[in-house]
Every structure is written in C-alpha cells, then in structure tokens.
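Residue numbers (the numbering used here), protein chains in the order written: chain P, 1 to 320; chain S, 1 to 294; chain R, 1 to 256.
Because the hints were derived from the structure by calculation, they are not lab data.
Please note that the accuracy of each hint is not assured.
[Said to hold, decoys possible] Capping the alpha-carbon separation at 20 Å, the derived lysine to any residue pairs in SDA-like fashion look like this: (1) P:LYS106 to S:LEU278; (2) R:LYS111 to P:SER174; (3) R:LYS72 to R:GLY59; (4) P:LYS108 to R:ASP54; (5) P:LYS108 to S:LEU279; (6) P:LYS106 to R:ASN53; (7) R:LYS114 to P:SER174; (8) R:LYS72 to P:HIS201; (9) P:LYS4 to R:GLY59; (10) R:LYS114 to P:VAL178.
[What the hints assert, rightly or not] If you anchor each label on the Cβ, the simulated ranges turn out as follows: (11) R:MET115 to P:ILE84: 30 to 38 Å; (12) P:VAL130 to R:SER60: 46 to 54 Å; (13) R:LYS72 to S:PRO65: 41 to 49 Å; (14) R:GLU120 to P:ASN149: 52 to 60 Å; (15) S:PHE221 to R:LYS111: 47 to 55 Å.
Cβ atoms here follow ideal geometry from the backbone N, Cα and C, with glycine treated the same way.
Residues per chain are reported as follows:
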Amino acid sequence: MVEKRKNILFFGILIFILILFPFVVTNYWIRLFTGIFMYGTLAQATNILMGFSGLVPFGNVVFFGIGAYFTGITMLNLGFPFFIALVFGASACFVFAFVVGHPVLKLKGHYFAIATMGISEAIKQISTNVKITRGGMGLNLPLVPFEVNTSYLFFYFLMFSAMILVTLVALWISRNRVGYALRAIMSNEDGAKSIGINTPHYKVLAWAISAFFTGLGGGIFAYWYGYIDPPSVFDIGISVRFIIMILLGGAGTIIGPLLGAFFIELLSETVWSQFLFIHLGVLGAIIVLVVIFMPRGFVWFYRQKFSLEALLENVRKGKL
Amino acid sequence: MLILQVLINGFLIGGLYGCVAVGFSLVWGVSNIINLSHGIFIMLGAYITFWLFTLFHIDPFLTVPISAAILFSVGYLVQKCLLNYVVGYTQQSGFGVFLSLILTFGLARVFENLMVGIWSGDWRSVTTSYSGLSLHLAGVSIPYIRIAVFGVALLSAGLLSVFLYRSRAGMAIRAITFNTVGAQIVGIELDRVYNITYAIGAALAGIAGSLVSLIYTFSPFLSTPYLSWAFVIVVMGGLGSIYGAIVGGILLGIIESIATAYVGPGYQQAIGFIILVLLLVFRPQGLFGKKFLK
Amino acid sequence: MGALLSIKNVSKYFGGLAANKAISFDIEAGEIIGLIGPNGSGKTTLINVITGNDVADQGSIRFKGHEIVRLKPYIINRLGIARTYQVVQPFIGMSVRENVVAGVLFGRDGKGRKMGVAWERADEVLELCHMQDKRNEMVENLTIADIKRLEIAKAMATDPDLLLLDEGMAGLNPKEIDEALDLATRINKMGMTLLVVEHVMKAVMSISQRVVVLHQGRLMAIGTPEAIAKDEQVIKAYLGEKYSLRQKNRGEVKRL
Numbered sequence: 001m002v003e004k005r006k007n008i009l010f011f012g013i014l015i016f017i018l019i020l021f022p023f024v025v026t027n028y029w030i031r032l033f034t035g036i037f038m039y040g041t042l043a044q045a046t047n048i049l050m051g052f053s054g055l056v057p058f059g060n061v062v063f064f065g066i067g068a069y070f071t072g073i074t075m076l077n078l079g080f081p082f083f084i085a086l087v088f089g090a091s092a093c094f095v096f097a098f099v100v101g102h103p104v105l106k107l108k109g110h111y112f113a114i115a116t117m118g119i120s121e122a123i124k125q126i127s128t129n130v131k132i133t134r135g136g137m138g139l140n141l142p143l144v145p146f147e148v149n150t151s152y153l154f155f156y157f158l159m160f161s162a163m164i165l166v167t168l169v170a171l172w173i174s175r176n177r178v179g180y181a182l183r184a185i186m187s188n189e190d191g192a193k194s195i196g197i198n199t200p201h202y203k204v205l206a207w208a209i210s211a212f213f214t215g216l217g218g219g220i221f222a223y224w225y226g227y228i229d230p231p232s233v234f235d236i237g238i239s240v241r242f243i244i245m246i247l248l249g250g251a252g253t254i255i256g257p258l259l260g261a262f263f264i265e266l267l268s269e270t271v272w273s274q275f276l277f278i279h280l281g282v283l284g285a286i287i288v289l290v291v292i293f294m295p296r297g298f299v300w301f302y303r304q305k306f307s308l309e310a311l312l313e314n315v316r317k318g319k320l
Numbered sequence: 001m002l003i004l005q006v007l008i009n010g011f012l013i014g015g016l017y018g019c020v021a022v023g024f025s026l027v028w029g030v031s032n033i034i035n036l037s038h039g040i041f042i043m044l045g046a047y048i049t050f051w052l053f054t055l056f057h058i059d060p061f062l063t064v065p066i067s068a069a070i071l072f073s074v075g076y077l078v079q080k081c082l083l084n085y086v087v088g089y090t091q092q093s094g095f096g097v098f099l100s101l102i103l104t105f106g107l108a109r110v111f112e113n114l115m116v117g118i119w120s121g122d123w124r125s126v127t128t129s130y131s132g133l134s135l136h137l138a139g140v141s142i143p144y145i146r147i148a149v150f151g152v153a154l155l156s157a158g159l160l161s162v163f164l165y166r167s168r169a170g171m172a173i174r175a176i177t178f179n180t181v182g183a184q185i186v187g188i189e190l191d192r193v194y195n196i197t198y199a200i201g202a203a204l205a206g207i208a209g210s211l212v213s214l215i216y217t218f219s220p221f222l223s224t225p226y227l228s229w230a231f232v233i234v235v236m237g238g239l240g241s242i243y244g245a246i247v248g249g250i251l252l253g254i255i256e257s258i259a260t261a262y263v264g265p266g267y268q269q270a271i272g273f274i275i276l277v278l279l280l281v282f283r284p285q286g287l288f289g290k291k292f293l294k
Numbered sequence: 001m002g003a004l005l006s007i008k009n010v011s012k013y014f015g016g017l018a019a020n021k022a023i024s025f026d027i028e029a030g031e032i033i034g035l036i037g038p039n040g041s042g043k044t045t046l047i048n049v050i051t052g053n054d055v056a057d058q059g060s061i062r063f064k065g066h067e068i069v070r071l072k073p074y075i076i077n078r079l080g081i082a083r084t085y086q087v088v089q090p091f092i093g094m095s096v097r098e099n100v101v102a103g104v105l106f107g108r109d110g111k112g113r114k115m116g117v118a119w120e121r122a123d124e125v126l127e128l129c130h131m132q133d134k135r136n137e138m139v140e141n142l143t144i145a146d147i148k149r150l151e152i153a154k155a156m157a158t159d160p161d162l163l164l165l166d167e168g169m170a171g172l173n174p175k176e177i178d179e180a181l182d183l184a185t186r187i188n189k190m191g192m193t194l195l196v197v198e199h200v201m202k203a204v205m206s207i208s209q210r211v212v213v214l215h216q217g218r219l220m221a222i223g224t225p226e227a228i229a230k231d232e233q234v235i236k237a238y239l240g241e242k243y244s245l246r247q248k249n250r251g252e253v254k255r256l
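One chain only, chain P, in its complex shape (with noise of 0.2 Å):
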C-alpha cells in the first residue's frame, strides 16, 4: 500500500512538473516534448499490442498516416472541426485495425510484422496516386487559430493529454482480462486456447487499440506540422523508431515505453542532429548493446537489480 502512495506521489508529482515547465521555458523546449509526447503516445499504443502479446507491428506506423490523412482531409474537404477530425480520424484506423487484422493476425511472428510492413508501404503507395489525398504534392491543412505562442502550448498539451491517456488505457488493460489473455496467448497459445481464451478476438482487439491511439498522435502531429505527405507519415523508419523505445525501456512495462521514448528523442535532437547520416545507424548499434546488456529493457533491468539486492540483504541477514 504504501508503496502505490509512493508511486502515485512520484508521478503526481512528476505531472505537475511537465504541466508548469512550459510556462517557463522556451518555444524550442516546448517544441521538443511536444515530440517526446508524440513518441511517447506511440510507443505505449504499439505497445499495448506488442508488450503484452509478443506480435511486433512493424508497419503500425500506417495508422499515424491513416490518422493524420483522415483528420486533415476531414478537416479540408469536409469542413470538420479539429476534434471531431481527429476523433474520426483515430476511429477510422480501429475500424481498418479490426477488419483486416482477422486475417492478418493469423500470422505468426515475422510474418505478421512483415504482412503490416507490406501494408503500410501498399497505403503509402496508394496515397500518393490518390486524388483526396493530393498525392505526393502533400495536403496543407488549415491553420492554427491561434497566434505562435499559444499554439505551441495547445499541442504541448495535447500531445500530453494523449500520452497520459493512451497510458491509463495500457495501465487498466495490464491489470484486467484483456491484459490477462494477451498474457497468456504471448506465452502460450494453445494452452490460452484450452482454458476458453477466444485468441484472435484478443489479438484484433489489442491492435485496433493500438491503431485507434497511434492515430490519433498521428491525427495531432498533421495538424501541429500543418503539411503531411505520404513519404514523411508512412515511414517505417518511424514505427521502428518507437519499437526501438519500446525495447530500451521495457515492453509489457507501463513507464517502459515512455522511458525509452524520453532518452531516445532528447539524445537524437541533442547529441546527434550534426551527424544525420549516422543517426540511425546509432540507433541499431545501441539496440544491439541493449539487448547484450538489458534483453528485457531498461524497466526490467532495474528491478531485477533492485531484487537481487534484496536477495543479498537477506542472505546477509542471515534470512536464507
């Protein structure tokens, strides 16, 4: 008990800090959590399909671009405001998640992360010759109704807000049924089978979650940028972007992916802007040093540091 006051203290406190911080910094701070906040937001959606169940979407960055086509065509074509806009847009890619993933989470493993690659690059494709989407000219949505500074606070906020809900929404799944099943099937699917567990209802489940959150960073991101274009929201280097968070900080934890999110976003913006070409590069090699040193992520490192000082204590005492 005392130990989840503790924790809620922590992050309580934790939450106030980002939500007076830019008040006090400036626009090139805010700028760069806004982004941290993004990658954050999809990196716990991913992984909720991913840390629980074990199946990597590799091509999951297609519902940032559904999300972010969706929310600025709707907003263009159709007049949308931007909330509803984004709403629909975020709906829409549960609604693509659900149908094809029937088929498509029959797949096993690298299968499954290969066929959502094969999809991503085939929609990505596809927008580029499609007259609603304006193709490869990019879509220019409209403009912020807000003067300069104002808007940055408005997408800080929002990014933060999706972030934080994205994580409740992963924090009560890992605690309930839903959480208890993509368990069971990432352990064993056959055995989830045999006590009543319906698996590919539980798998399309979690990936229309994924995708419904994952669009909705996207949704955001295209009006915080203002332009989007096939090239640049149907990137895989994106999705493995924040694969790569979810692995450093821990998948199936909760602070895991945003951990990973965090370190990731502020060493490229700090450290490695001079060096583009090396960028990801770095990035695979820290990968494979992560996986030597810390296979399960930095989350789970730490606490089995932490228990086996314990272990240690005890034996020191005299307990074992």
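Position chains S and R against the provided structure of chain P, taking the given hints into account.
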C-alpha cells in the same frame, strides 16, 4: 500485338526480379536474417557499374563480376562485424528475431546517406551504345539488353545452384538450413557459414544492381522497390528456394507488366505489397510449398 | 439420461495415416475412465479431437447432448471440457496464482466475473489442489510435479464437467504419483468426471472404474481394469506375441 509485348516484357524483366530476390531469399532461409539492406546493396552494385562504365568505359556486363566481388566483401564484413552478434537472438523466438530487421534497416540508412554524401542523390542510369537496339520478331520489339540481362540473371542463379549443391561450402550452408545443431555436431562452424551466406547474398545483390543500372534509373533513395519485389517473391516462391525465386520473379514480372499496361504505372509497388499480404494470409505455403504459419 | 460424452465412430487422418479409426465409446458422468495403449496408438490424437485442437474427419462427439466436433477449443472449454497437456503449458512470466486466475477469467462463467471475485475463486482452486502455499511463486521456479499440479489447477479453474488428463504422471517419482492420484480421487469425489490417459499402469489401473485400450488407432478393448489386465489381445499388443504365448503356456496371467 500488345498482349504479347506485355507478356514478353514481363517475362524478361522477371528474370531480373528473380535475381533480385535470390540473395534475399538465401540469407533469410539460411540465417533467418531479414536483410533490409538488400535494396541498398543493389544500389551499390548499380553505382559500381555506373562508375566503372562512366570513368573507365568498361562494358557494364564485364563489371558484373567486379560488382559481385566488392559486394561480397562488404557483406562479409557486415555479417562478421555486426550481424553475427545478433544472429543468436534471431534463431530464437521473442523479440530477438526483429533485431536483424532493425539492424539492417539502420544499416541501410547509413549506407544510403553515405552514398548520397559521396555521389549525390541525382538519378543515374547506364546507357551503352547498344542500349537502344532491339530484336523485332512477330510484331514485338525485344531490346537486346533485356535478353542479356535475363541471361545473366539466370546464369547467376544457375551458378549459385551449382555452388550450393556441388561444393563443400555450399553443402555446409544447406546443412545449417535444416538443422543448426546437427550441423555443428559434424564440425560446421556456424559463424563462418553465416559470413559466407550473407556475403553471397550481398554479391547477388551486387549482380542484380549491375543489371538494374542498365534498365532502370537509380539513386540511393530508390532502393525500396527492389526490397518489395524481394519480399513478394520470397513469399511466392518459398523461403530459400532458388527455383522458387526465379519462377516467382518471372510471375511477378508478368503480373506487374500486365498491371502497368492496363491499370497504370504508379501502383506497381502497391500491387506487389498487396499480393504479398494476400499470399501470406490466404496461401501461406507460397506457390511451391513452404509454410509461413506454424 | 444419456452419457456425459458420447464418441461415435470418430476417425482422424494425418495424410494417409489413420491416427484414430472408428472409435466409439461413452463416458458416464461421475466416472473415472482410463485411456491406455502403446505409444502411437492414438491416445493424444483422440484427446485433441475431443477438445477441438484437431478436427475429426469422421464421426460425432456429443457432450451433454451437443455436437462438438466442429467447435473451436475455447468454446468447447466454455461448454465444460478442460484438459491438461502432455508437454506442460504453463504461462511463464506469471505467478502460480495468475496462471489459475487466467483460467477463472475465461472458463465457464468467466465472462461476467470481476477481478476481485476471480482472485477469490483462484484461491479456492489452489486450496483444493494443495498449492496455496506456492501461489506467488513464479512458474519458472516450480518443480515438475508442481507444474503438473498447476496444469490441473488451471484446468479446474475453468469449472469443467469433464477433465481430460493427458499423461500427467510422466516424470514423477512414486511419492509424487501418489499425491497426484490423491488429487484426482478427491476431484472425482466432488463430482468431476475424469478421463485419464496414462502409461504408468499401476496408477491408471488403480484409479479407473473402466479402462479403454487403443491400439494402432482403433479401440481394442473396454472394460474394468481387472478384465483388461487379463485380456489376451491387450497383453499381446503391449508385450508382444511371444510373451502372451509364454503366459498361455505357463497358465498364469500377469496383472499389467
């Protein structure tokens, strides 16, 4: 007549597609590494041919072995210094399998940017004195270059086949495909075999790249289509199967040729990927047998 | 009142091989019925066919009057059939208690259950299986005997009417076998119907009221343990032609 032209175009280019896929299929089938750098290796091969032709006026077809040799070395180094650390994980289940995807993806971006830095992103192509000549037969025109490309592609596949089935190294490679533990028991050093396999895969990419330079415009940023063809063909033709890669390549070539003629050129890749997904879902055993499900 | 499970003329082919051929027998509610047979006789296949992991090519299986042949495994579980696996299938990365709660959440009546109720029910099952002291242990730290007991607990958590135990005694020492038999008997006394697949003869023969013998995919004999032990054909199937002749000549019959 149009349909015959379309079919022949597709058939011939399909040989090249097969050549593109064969190296990718080999590495995946043997080492369980999904080499997302395969596309950029092809580009590298194309550049090698381009510069040898442009600077030293060496006939492109003669540069093929040089391209293969250079890419062989590059591949060998990549596997030895980088991928071998990750191979242990790729053989397991769990997230380890994706390391090869992430690593090779990152590596591809590194190569891509290096190449842009050195050679710029300008679109290149190789045009020889005989590039425009065609054979005219039965109302269709068949560029000689395409026939030659088809021939070289098939020749490479054939050489690979001979190597795999008639040489000791080839046998070692085939042995670990079936049973890594069993192979090690008879003294086959896994690491060395992985090195050679990846190197061969890269060399084949180099050969494909040299051929690509004669037919397509290329640049470091245009590597994705080749990867997508490789994926589709591997699924169609079966993992690790040379025969499957060639036949799958020809089939894909014909399908894309028909699609381009009757639907429009922009959707080429999309069609390829859609076929990929449909195949994975509805016919996971490919056209020749190897299953992608449990 | 009909039988609890009624298997009629069930056949299952793998390629050209008939793993199960025209098998028919009934399981009555409340009984313990053993399923024995030499390796490869089709016992596990039959279990898989009953639970829906494989689909019978011919025949019908009726559970409480419903035809279950083409139903999915999770639906069959919710109707009231649970099983353990020969190669144990615990959910690693979760504790003993969490493994059992998974069964409670998804088995029969699982849908409506709230987490709090589910945890309580899980504890009840653990208590029944004498595992409550190990409930927070991670599955990776358990002994093989405990993992097998956990398998049974997980299956029980889904609240079945019929429990299929697939070679749960393999790899256990005599003391552990006795504990497992004790658990099986206790569950049965509570009203659970059991189908026990076993190679450990002493175990299955001592606990079963009836025994079914499979041989090369067919049902060879069915009867009480005593009758089966004396059955000439059964002896021949297990121990070979020579042995059964030798027995005949000796004039004695060995209990298996």
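Taking the hints in turn, this is what the structure says about them:
Taken as a hint, the LYS106 (chain P) and LEU278 (chain S) pair is honoured in the structure, with Cα atoms around 12 Å apart against an allowance of 20 Å. Distance check on the hinted pair: LYS111 (chain R) and SER174 (chain P) sit about 17 Å apart at the alpha-carbon level, within 20 Å; holds. Proximity of LYS72 (chain R) to GLY59 (chain R) is assessed by CA-CA distance (about 17 Å); at most 20 Å being required, the pair is judged to hold. As the CA atoms of LYS108 (chain P) and ASP54 (chain R) are separated by approximately 19 Å, the hinted pair is consistent with the 20 Å bound.
A distance of roughly 14 Å separates the Cα atoms of LYS108 (chain P) and LEU279 (chain S); the hinted pair therefore holds under the 20 Å criterion. Taken as a hint, the LYS106 (chain P) and ASN53 (chain R) pair is honoured in the structure, with Cα atoms around 15 Å apart against an allowance of 20 Å. Distance check on the hinted pair: LYS114 (chain R) and SER174 (chain P) sit about 15 Å apart at the alpha-carbon level, within 20 Å; holds. This hinted pair checks out: LYS72 (chain R) and HIS201 (chain P) have alpha carbons roughly 13 Å apart, not beyond 20 Å.
The hinted pair formed by LYS4 (chain P) and GLY59 (chain R) fails the criterion: a straight-line CA distance of about 56 Å is larger than 20 Å. Proposed proximity of LYS114 (chain R) and VAL178 (chain P) is supported: the alpha carbons are some 12 Å apart, at most 20 Å. Taking 30 to 38 Å as the suggested C-beta distance range, the pair MET115 (chain R) and ILE84 (chain P) conforms, at roughly 35 Å. The hint said 46 to 54 Å for the Cβ distance between VAL130 (chain P) and SER60 (chain R), and at roughly 52 Å that hint holds.
For LYS72 (chain R) and PRO65 (chain S), the hinted distance range of 41 to 49 Å is not satisfied, since their beta carbons lie about 57 Å from each other. Between GLU120 (chain R) and ASN149 (chain P) the beta carbon distance is about 55 Å. The supplied range of 52 to 60 Å therefore holds. At roughly 52 Å, the beta-carbon separation of PHE221 (chain S) and LYS111 (chain R) lies within the given 47 to 55 Å, and the hint holds.
In this structure, the hints that do not hold are numbers 9, 13, in rising order.
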